[in-house]
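Okay, so the sequence shown: first residue is 49 according to this note's numbering, each after it adds one.
Everything labelled a hint here was simulated from the structure, so no lab data went into it. One or more hints might be untrue.
Stated by the list, open to error - With a cut-off of at most 25 Å between alpha-carbon atoms, the simulated DSS-like pairs for lysine-lysine come out as follows: (1) Lys195 with Lys118; (2) Lys130 with Lys248; (3) Lys350 with Lys195.
Unchecked claim - Here are the simulated distance ranges between beta carbons: (4) Asn90 with Met53: 54 to 62 Å; (5) Lys308 with Ala244: 24 to 32 Å; (6) Ile62 with Thr198: 47 to 55 Å; (7) Pro175 with Ala372: 41 to 49 Å; (8) Ser135 with Gln184: 17 to 25 Å; (9) His119 with Gln336: 17 to 25 Å; (10) His119 with Asn347: 52 to 60 Å; (11) Asp136 with Pro94: 31 to 39 Å; (12) Gln184 with Ile62: 47 to 55 Å.
No residue lacks a Cβ here, since even glycine has one placed at the ideal position from N, Cα and C.
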Amino acid sequence: MRRAMILRYGAVLIGALLIAGAFLTAFWVTPTYVARLPDDVNVQRPLAGTFNTLLDQQALAQGNLVGAVKHNVPLAINRNVKVLKTSDDSALVSDARTTTAAGTQVEQTTWQYAVDRKSLEPVTSHPSSWSVVDAQGLTISFPFGTKKQTYTGWVPESATTVPVAYSHSEQRSGLNTYVFQATIPSSRITDSQVLAGLPKALPQSLLRLLVQFGPLTPAQQQELTTLLPTLGDPAPLAYTLQGNDTFWVEPETGAVIDVKRAQQRTAAVTAPNGTLIPLLPVVDATYQQTPAAVNSAANDAKNGRDDIELAGTTLPIIAGIIGALLILAALLIRRRRRPSEAAAPVEQPPQDTAD
Numbered sequence: 049m050r051r052a053m054i055l056r057y058g059a060v061l062i063g064a065l066l067i068a069g070a071f072l073t074a075f076w077v078t079p080t081y082v083a084r085l086p087d088d089v090n091v092q093r094p095l096a097g098t099f100n101t102l103l104d105q106q107a108l109a110q111g112n113l114v115g116a117v118k119h120n121v122p123l124a125i126n127r128n129v130k131v132l133k134t135s136d137d138s139a140l141v142s143d144a145r146t147t148t149a150a151g152t153q154v155e156q157t158t159w160q161y162a163v164d165r166k167s168l169e170p171v172t173s174h175p176s177s178w179s180v181v182d183a184q185g186l187t188i189s190f191p192f193g194t195k196k197q198t199y200t201g202w203v204p205e206s207a208t209t210v211p212v213a214y215s216h217s218e219q220r221s222g223l224n225t226y227v228f229q230a231t232i233p234s235s236r237i238t239d240s241q242v243l244a245g246l247p248k249a250l251p252q253s254l255l256r257l258l259v260q261f262g263p264l265t266p267a268q269q270q271e272l273t274t275l276l277p278t279l280g281d282p283a284p285l286a287y288t289l290q291g292n293d294t295f296w297v298e299p300e301t302g303a304v305i306d307v308k309r310a311q312q313r314t315a316a317v318t319a320p321n322g323t324l325i326p327l328l329p330v331v332d333a334t335y336q337q338t339p340a341a342v343n344s345a346a347n348d349a350k351n352g353r354d355d356i357e358l359a360g361t362t363l364p365i366i367a368g369i370i371g372a373l374l375i376l377a378a379l380l381i382r383r384r385r386r387p388s389e390a391a392a393p394v395e396q397p398p399q400d401t402a403d
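Could you put together the complete structure from these sequences and hints?
Given below as structure tokens:
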């Protein structure tokens with residue numbers, strides 16, 4: 049009797065613990081510790097495309113305005129995203145990009161961000177030793193549990209933000225993805241790394257050639273002609289950026305499976321009132337992640353999704369079922385009767401006998 053009671057109580061206790069553990073795993077452990085940016089992320093996401101227009105700085109420096117503008121030059125970008133450090137729910141992430149034109153390096157940038165490991169939004173509550181960009185909006189990826197809504201994206205070249213709007217759902221590399229689109233309006237390039245790869249100034253002689261033969265409207269030609277004497281020689285340049293981005297995002301992990309970009313950069317001079325007068329395009333490029341990068345991103349997303357489903361759904365269901373069965377079995381165990389509790393035989397009444 050005592051042994052059976054111990055077994056029953058033990059089964060109920062273990063069953064209750066399994067059910068409680070299932071709820072904790074599904075609703076606390078998984079969202080808090082599984083569905084977040086891992087601390088060992090180190091991925092390569094190469095992109096390839098074409099410089100439809102590219103300014104050749106060497107030809108420009110020699111005064112060869114016609115030969116300075118190249119067309120249909122192969123473009124390649126090697127992008128590496130790496131988690132450098134973590135601190136509780138924050139991660140220090142590096143986004144490094146090396147751009148080449150027909151195999152020759154034309155730009156190299158590295159930006160570091162402090163992000164929340166689940167929402168991927170920038171955070172300020174990070175160790176003071178972290179040196180990061182004061183960014184706003186999404187920088188390296190989309191949040192875990194991406195929704196069909198408009199997010200804010202960060203444009204590092206101009207240190208500005210842009211709406212990133214949900215467009216539609218679409219299959220990509222065997223995964224259901226949410227497609228987001230962003231239109232970057234013309235904005236001034238401020239990042240020192242990007243500006244380091246662009247001409248800082250143009251001599252007046254080239255500016256006069258641009259007035260005569262450059263892609264300027266009559267109004268811009270007249271304005272630039274009036275402005276030339278005030279610009280100095282050489283005249284300092286500014287640059288603007290505009291473009292269109294499309295992202296294919298696996299919603300459960302927030303992983304960017306593919307990205308396609310069209311970007312234009314234009315050289316300009318600054319008028320006394322602060323407005324920028326465009327001179328000529330220095331970059332007009334279209335590029336997209338390579339097929340190998342898309343497959344790699346899809347595999348990473350599948351693995352991440354499997355981990356989330358295992359910890360958040362499969363294991364809790366199994367633990368919950370086992371726990372419920374243990375409790376049910378304990379309730380159905382029949383208590384063994386003691387021998388003393390056995391029913392006593394019923395005495396038969398005495399029968400009358402005939403005298």
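Now the hints, each set against the structure:
| no. | hint | result |
| --- | --- | --- |
| 1 | Lys195 with Lys118 | violated (41 Å) |
| 2 | Lys130 with Lys248 | violated (31 Å) |
| 3 | Lys350 with Lys195 | holds (18 Å) |
| 4 | Asn90 with Met53: 54 to 62 Å | holds (56 Å) |
| 5 | Lys308 with Ala244: 24 to 32 Å | holds (26 Å) |
| 6 | Ile62 with Thr198: 47 to 55 Å | holds (48 Å) |
| 7 | Pro175 with Ala372: 41 to 49 Å | holds (45 Å) |
| 8 | Ser135 with Gln184: 17 to 25 Å | holds (20 Å) |
| 9 | His119 with Gln336: 17 to 25 Å | holds (19 Å) |
| 10 | His119 with Asn347: 52 to 60 Å | violated (36 Å) |
| 11 | Asp136 with Pro94: 31 to 39 Å | holds (32 Å) |
| 12 | Gln184 with Ile62: 47 to 55 Å | holds (50 Å) |
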